[in-house]
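Novice: Input sequences plus hints: build the corresponding full structure.
According to my numbering, numbering within the sequence shown proceeds without interruption in unit steps and concludes at 268.
Be a bit skeptical, because a hint or two may be false.
[Said to hold, decoys possible] Calculated pairs, DSBU-like style, for lysine-lysine (alpha carbon to alpha carbon, straight line, at most 30 Å):
1. K246 x K95
2. K126 x K210
3. K185 x K70
4. K70 x K213
5. K118 x K130
6. K258 x K210
7. K70 x K217
8. K207 x K95
9. K213 x K95
I should point out that these hints are in silico values taken from the structure, not numbers from a laboratory.
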Amino acid sequence: MNKIKDMVAIAMLFTLIGCGNGENLSDNGGSQVDERENVTSQNYKSRFINSANCNQIIDNEFIEICYDYKLKAAKSVAYHLDGDLMDNPNIDKRPSFYSEKSIDKRYRVSTTDYTNSNYDRGHLAPDAAFDWSEESLNAVYTLANIIPQAPQVNRNMWSKVEKYARDKAIELGEIEVINVVKYGKQSKRIGKNRMAVSRGFYKVLYNHNENYEECFYYANKLNLTSRDDYVGKHRVACDGVNY
Numbered sequence: 026m027n028k029i030k031d032m033v034a035i036a037m038l039f040t041l042i043g044c045g046n047g048e049n050l051s052d053n054g055g056s057q058v059d060e061r062e063n064v065t066s067q068n069y070k071s072r073f074i075n076s077a078n079c080n081q082i083i084d085n086e087f088i089e090i091c092y093d094y095k096l097k098a099a100k101s102v103a104y105h106l107d108g109d110l111m112d113n114p115n116i117d118k119r120p121s122f123y124s125e126k127s128i129d130k131r132y133r134v135s136t137t138d139y140t141n142s143n144y145d146r147g148h149l150a151p152d153a154a155f156d157w158s159e160e161s162l163n164a165v166y167t168l169a170n171i172i173p174q175a176p177q178v179n180r181n182m183w184s185k186v187e188k189y190a191r192d193k194a195i196e197l198g199e200i201e202v203i204n205v206v207k208y209g210k211q212s213k214r215i216g217k218n219r220m221a222v223s224r225g226f227y228k229v230l231y232n233h234n235e236n237y238e239e240c241f242y243y244a245n246k247l248n249l250t251s252r253d254d255y256v257g258k259h260r261v262a263c264d265g266v267n268y
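Specialist: Right, dumping it as structure tokens:
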């Protein structure tokens, strides 16, 4: 009789141990899934942004900027668009542009660098996507997020794909955006601080959960016309996106 009791006790003990291990495996499995999702997101981002090529990464909670000291300009800007926030009431009053204080003075630019340059102060992360709060709106007015853009591109062509991105965020609920700037080997320079002018720029839109990915390219040329321009005209293969 005692042997039977002992066997029952041992069986119960193994059952408890087995249940405990099962719970741990389940917890670990969930953690591993989360980690894999994070790795997948980072791997996707690294297709377009090589942090080793950034002299400084500026993350102000709303946008992440890969900044180059020699160019005195951004090489890329990444951010998240929440579809619900795109419908929020817009803040009409726009803040002033400001020099990025986290960058050493030797590598900063100022608003006067654009004076008589024939180029607009063009947002990479657009103000219209961040005008749902004063903090988010102010975040995109750092000059580290601004590059010289040809007027027709900035005011017409680029603004269309910016709106397209906002509409896509509303449609899908959310999207990730990466703007990648392409510079030449010998870039044109403007202003006292000799800021580089890009050859063009890409906009990458994606949402892994919806298996969505689209990429667009815009040449930064002064003599372009926006007549008959539409977003689809600039669509390119995402595999071709590069610095």
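Novice: Take the hints in turn and mark each one as holding or not.
Specialist: Comparing the hints with the structure gives:
Taking the CA atoms of K246 and K95, the gap is near 22 Å; set against the 30 Å cutoff, the hint holds. Restraint check for K126 and K210: satisfied, since their Cα atoms lie roughly 28 Å apart, inside the 30 Å limit. Between the alpha carbons of K185 and K70 the distance comes to roughly 24 Å, so the proposed pair stays at or under 30 Å and holds. Annotation: proposed proximity of K70 to K213 holds, straight-line Cα distance about 28 Å (limit 30 Å).
At most 30 Å may separate the alpha-carbon atoms for a hinted pair to count; K118 and K130 meet this at roughly 28 Å. As the CA atoms of K258 and K210 are separated by approximately 26 Å, the hinted pair is consistent with the 30 Å bound. Our distance criterion of 30 Å between C-alpha atoms is broken by K70 and K217, whose separation comes to about 34 Å. Of the supplied pair hints, the one linking K207 and K95 holds, its CA atoms being roughly 14 Å apart against a limit of 30 Å.
For the hint pairing K213 with K95, the CA-to-CA distance comes to about 13 Å; that is within 30 Å, so the pair holds.
Against the hints set out earlier in the document, a violation occurs for number 7 only.
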